[in-house]
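Required output: the full structure, derived from the provided sequences and hints.
Numbering follows numbering that gives the first Met the number 0, in which position 70 of the sequence shown is assigned residue number 69; successive positions increment by one, without gaps.
By construction, these hints were calculated from the structure, which means they are not laboratory data. Don't take every hint at face value.
[Claimed, not checked] In silico DMTMM-like pairs for lysine to aspartate or glutamate, Cα to Cα no more than 25 Å straight-line:
{"hint": "1", "residue 1": "13", "residue 2": "87"}
{"hint": "2", "residue 1": "24", "residue 2": "9"}
{"hint": "3", "residue 1": "13", "residue 2": "76"}
{"hint": "4", "residue 1": "13", "residue 2": "26"}
{"hint": "5", "residue 1": "13", "residue 2": "65"}
{"hint": "6", "residue 1": "24", "residue 2": "10"}
{"hint": "7", "residue 1": "24", "residue 2": "65"}
{"hint": "8", "residue 1": "24", "residue 2": "76"}
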Amino acid sequence: MWGVLDAEPDELNKAAGHLGDILTKLDHSPLAGIVATADVYGDPGLASTLGEFTGLARVAARLLQERVGLTGTALRDTATLFQGTELDNEAAIRRAGR
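Below is the structure:
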């Protein structure tokens, strides 16, 4: 019906499920374990740079997690929309056949 835009709702839901699996496997604990202090690393400049890096890495990981979650939600919503459209089309065809 849609040609290159044709999508199966079940496949969209499956893709959303895979994204959910990715989210559950993300491990942020290595970043949490980094304590950037001069006492640990022996150099205040290195500790500061490492602290900045880990802070940015935490922000990036959180944003990635949010975006992946939003993408999964969008895939599920699209699947629901497609399913509704298919049902509406089938009902219209039945009505036209009467």
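Verification of the supplied hints:
The straight-line distance between the Cα atoms of residue 13 and residue 87 is roughly 23 Å, inside the 25 Å bound, and the hint therefore holds. Of the supplied pair hints, the one linking residue 24 and residue 9 holds, its CA atoms being roughly 23 Å apart against a limit of 25 Å. This hinted pair checks out: residue 13 and residue 76 have alpha carbons roughly 13 Å apart, not beyond 25 Å. Taking the CA atoms of residue 13 and residue 26, the gap is about 23 Å. The hint holds against a cut of 25 Å.
Proposed proximity of residue 13 and residue 65 is supported: the alpha carbons are some 19 Å apart, at most 25 Å. At roughly 21 Å between alpha-carbon atoms, residue 24 and residue 10 fall within 25 Å of each other, so this suggested pair holds. As the CA atoms of residue 24 and residue 65 are separated by approximately 14 Å, the hinted pair is consistent with the 25 Å bound. Among the hinted pairs, residue 24 with residue 76 is consistent with the structure: their alpha-carbon atoms are about 23 Å apart, no more than 25 Å.
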